[in-house]
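The hints should help you fit chain B onto chain A, whose structure is shown.
The listed protein sequences derive, respectively, from chains A and B. Under my numbering, think of the first position of the first sequence as 1, with each following residue one higher. Under my numbering, think of the first position of the second sequence as 1, with each following residue one higher.
Because the hints were derived from the structure by calculation, they are not lab data. It cannot be assumed that every hint is accurate.
With a cut-off of at most 27 Å between alpha-carbon atoms, the simulated DSS-like pairs for lysine-lysine come out as follows [as the list claims (entries may be wrong)]: (1) B:K2 <-> B:K38; (2) B:K253 <-> A:K6; (3) B:K2 <-> A:K40; (4) B:K38 <-> A:K40.
Taking CB as the label site, the calculated pair distances span [to be verified]: (5) A:C42 <-> B:P22: 31 to 37 Å; (6) A:C101 <-> B:A293: 50 to 56 Å; (7) B:P22 <-> A:E78: 40 to 46 Å; (8) B:R292 <-> A:R32: 39 to 45 Å; (9) B:S182 <-> A:N10: 47 to 53 Å; (10) B:P22 <-> A:L33: 32 to 38 Å; (11) A:L86 <-> B:H40: 40 to 46 Å; (12) A:D20 <-> B:A120: 40 to 46 Å; (13) A:C139 <-> B:Q201: 28 to 34 Å.
Residues of chain A clear of chain B, computed beta-carbon distances all greater than 12 Å [unchecked claim]: (14) G11; (15) G45; (16) T82; (17) H96; (18) G102; (19) R138; (20) C139; (21) P143; (22) A147; (23) A155.
For clarity, every value in this text was computed on a predicted model and none was experimentally measured. No residue lacks a Cβ here, since even glycine has one placed at the ideal position from N, Cα and C.
Read off the chains here:
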Amino acid sequence: MTQAVKFTLNGAECAVDLDDPRVTLLDLLRERLGLTGAKKGCDRGQCGACTVLIDGVRVNACLTLAVTVQGAEVVTVEGLATQGALHPMQQAFLDHDALQCGFCTPGQILSAIGLMNEGESGEDTARVREGMSGNLCRCGAQPGIIAAVRQVLRARSGQTG
Amino acid sequence: MKPFQFLRPRTLSEAAEALRRPGAMAYGGGTNLLDLMKSHARTPDVLVDMTAVSALQDIALDAAGDLRIGAAVRNATLARSPLLQRHSPMVAEALLSGASAQIRNMATVAGNLLQETRCAHFSNPDAGCGRRDGGQECDARLHAGREHAVIGWSESCRAVHPSDFCVPLVALDAMVEIVGPSGLRRVALADFLLLPGDTPQRRTQLGAGDFITGLILPAAAAGFAAHGRYLKVRERTSFAFALVSAAAAVQIKEGRILAARLALGGVAPKPWRVTAAEDCMGGRPPTADVFRAAAEIALSGAAASGDNGFKIELAKRTVVRAFERATVGVAPLDAAMPASVFDTLSKA
Numbered sequence: 001m002t003q004a005v006k007f008t009l010n011g012a013e014c015a016v017d018l019d020d021p022r023v024t025l026l027d028l029l030r031e032r033l034g035l036t037g038a039k040k041g042c043d044r045g046q047c048g049a050c051t052v053l054i055d056g057v058r059v060n061a062c063l064t065l066a067v068t069v070q071g072a073e074v075v076t077v078e079g080l081a082t083q084g085a086l087h088p089m090q091q092a093f094l095d096h097d098a099l100q101c102g103f104c105t106p107g108q109i110l111s112a113i114g115l116m117n118e119g120e121s122g123e124d125t126a127r128v129r130e131g132m133s134g135n136l137c138r139c140g141a142q143p144g145i146i147a148a149v150r151q152v153l154r155a156r157s158g159q160t161g
Numbered sequence: 001m002k003p004f005q006f007l008r009p010r011t012l013s014e015a016a017e018a019l020r021r022p023g024a025m026a027y028g029g030g031t032n033l034l035d036l037m038k039s040h041a042r043t044p045d046v047l048v049d050m051t052a053v054s055a056l057q058d059i060a061l062d063a064a065g066d067l068r069i070g071a072a073v074r075n076a077t078l079a080r081s082p083l084l085q086r087h088s089p090m091v092a093e094a095l096l097s098g099a100s101a102q103i104r105n106m107a108t109v110a111g112n113l114l115q116e117t118r119c120a121h122f123s124n125p126d127a128g129c130g131r132r133d134g135g136q137e138c139d140a141r142l143h144a145g146r147e148h149a150v151i152g153w154s155e156s157c158r159a160v161h162p163s164d165f166c167v168p169l170v171a172l173d174a175m176v177e178i179v180g181p182s183g184l185r186r187v188a189l190a191d192f193l194l195l196p197g198d199t200p201q202r203r204t205q206l207g208a209g210d211f212i213t214g215l216i217l218p219a220a221a222a223g224f225a226a227h228g229r230y231l232k233v234r235e236r237t238s239f240a241f242a243l244v245s246a247a248a249a250v251q252i253k254e255g256r257i258l259a260a261r262l263a264l265g266g267v268a269p270k271p272w273r274v275t276a277a278e279d280c281m282g283g284r285p286p287t288a289d290v291f292r293a294a295a296e297i298a299l300s301g302a303a304a305s306g307d308n309g310f311k312i313e314l315a316k317r318t319v320v321r322a323f324e325r326a327t328v329g330v331a332p333l334d335a336a337m338p339a340s341v342f343d344t345l346s347k348a
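Chain A on its own, in the form it takes in the complex (with noise of 0.2 Å):
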């Protein structure tokens, strides 16, 4: 039985007719709609790679139903530039250097983001640390992740930086 979902991704409205509930979020994204940007990483909610909005709130794609996201807004990597500007995550991640084979950085950012959407952390390193431990980097780039994150909230929260 084919299901109609109707979501809002990156700002678009977006209607799919799901052929089979086993779809998940992530390889609707990726297989069917061209969005390769969350990453397949362990497909176990482990790394972070797929990591997603939905309604503004970080999860991960891998472990998300697609038929669940009826009537909710997906925010993709692909969705966060406005008219060839970086979302200033994006900037933030290259102004520190904060990737080296880039697989993990979709995630990262989109993790990021709901980590500052959440509002709680601010820019201590320890609170950072603890709010991002759901993304792996196994190339190393942790300190200039932590750095760039710092970055965009030290800047949102008023002072300098």
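Just chain B now, kept in the frame of chain A:
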């Protein structure tokens, strides 16, 4: 993944009807069940998404002081609830120490109560596991280690209950609200979760057609709001299951313990509570030797199920430290590393 039918009820009666279908399973955030479906450890024929049922979304304090939490409330939402933070802050501390931010945003209350063990043999259908398939087979028998139980286990299953959330809930006499064919009933969480014995597949008191609608933290739990802590020892500081954890709470008057609560995580097939350990502290001062005496009682009868005897002493020391922290007060809600022994913001 085995094919399944997906249903998304909006009301309790629609949910009840959907869950009566053969092979139906309730579905919350999917953080555990979907993972198990991918490995074929769980193969529901009908998946009933409970997260859109409007009657399961509320957190409310009633006139008697009971805090009722809807089954579909997400872990992150609950941890940030001012009602919970005032009523039972150590429950919020436990929630925040569990999993990752992404998973806390997805996982639900009922899903947490019903989550499966993380014993590797359970999630691998090629391994023998009576907990998964029924029977007495247990491929962990010769491989039990750090992640396995040291108390409450049986020859047929030495898996541990993985939840952080459930540990303070058991300590605080939380009740599970269940709707089933015979109507609505409330069961103490401590009784709801079952020990494996020789029926390891029977993990809870949920019967056919039963589903969880909510969780109740009784008014009496709030009596421990001022002195309660969750302490979690794990292999890494964040995003790891408990090796050993303790929820410890006390009421203190004029330097004496009036009442105490204690439950342990990571050591048993369900959160481990021994009321005699609590009772032995009554009338005594909140000192390390009193806490140690309680820990000895709580762990009496413990036995290694494999290469994990160290967890018994680790559990006792964790109990002492958790009570030392509880005596000082409660965790700051913005703790940098919730429930961590390394959280320097938390003295003691």
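Do the hints match the structure? See the list:
1. With a C-alpha separation of about 8 Å, the suggested pair K2 of chain B and K38 of chain B falls inside the 27 Å cut-off, and the hint holds.
2. Distance check on the hinted pair: K253 of chain B and K6 of chain A sit about 58 Å apart at the alpha-carbon level, beyond 27 Å; violated.
3. Taking the CA atoms of K2 of chain B and K40 of chain A, the gap is near 20 Å; set against the 27 Å cutoff, the hint holds.
4. This hinted pair checks out: K38 of chain B and K40 of chain A have alpha carbons roughly 14 Å apart, not beyond 27 Å.
5. Between C42 of chain A and P22 of chain B, the C-beta spacing of about 32 Å keeps the proposed range 31 to 37 Å intact.
6. About 54 Å separates the C-beta atoms of C101 of chain A and A293 of chain B, a value consistent with the hinted range of 50 to 56 Å.
7. Distance hint check for P22 of chain B and E78 of chain A: the Cβ-Cβ separation is about 42 Å, which falls inside the suggested range of 40 to 46 Å.
8. Taken as a hint, the range 39 to 45 Å is violated for the pair R292 of chain B and R32 of chain A, whose Cβ atoms sit roughly 59 Å apart.
9. Separation of S182 of chain B from N10 of chain A is about 48 Å and conforms to the stated range, judged on CB atoms against 47 to 53 Å.
10. A C-beta distance of roughly 34 Å is found between P22 of chain B and L33 of chain A, which places it inside the suggested range of 32 to 38 Å.
11. For the pair L86 of chain A and H40 of chain B, the beta carbons lie near 42 Å from each other, so the given range of 40 to 46 Å is met.
12. Range check, D20 of chain A to A120 of chain B: Cβ separation about 29 Å, and the 40 to 46 Å hint is violated.
13. At about 43 Å, the beta-carbon gap between C139 of chain A and Q201 of chain B misses the expected band of 28 to 34 Å.
14. Every Cβ of chain B is farther than 12 Å from the Cβ of G11 of chain A; the closest lies at roughly 21 Å, confirming the non-interface assignment.
15. Residue placement check: G45 of chain A does not keep its beta carbon more than 12 Å from all beta carbons of chain B (closest about 6 Å).
16. Look at T82 of chain A: its CB is around 24 Å from the nearest CB on chain B, clear of 12 Å, so calling it non-interface holds up.
17. The non-interface label for H96 of chain A is consistent with chain B: the shortest C-beta to C-beta separation is roughly 21 Å, beyond 12 Å.
18. A cut-off of 12 Å between C-beta atoms confirms that G102 of chain A is not in contact with chain B; the least separation is 20 Å.
19. Listed as a non-interface residue, R138 of chain A keeps its Cβ farther than 12 Å from every Cβ of chain B; the least gap is roughly 15 Å.
20. Under the 12 Å C-beta cut-off, the non-interface status given to C139 of chain A relative to chain B holds; the minimum distance is some 18 Å.
21. The beta carbon of P143 of chain A sits about 16 Å from the closest Cβ of chain B, which is more than 12 Å, so the claim that it is off the interface holds.
22. The non-interface label for A147 of chain A is consistent with chain B: the shortest C-beta to C-beta separation is roughly 17 Å, beyond 12 Å.
23. With a least CB separation of 20 Å from chain B, A155 of chain A remains clear of the 12 Å interface cut-off, as annotated.
When held up to the earlier numbered hints, the structure conflicts with 2, 8, 12, 13 and 15 and fits the remainder.
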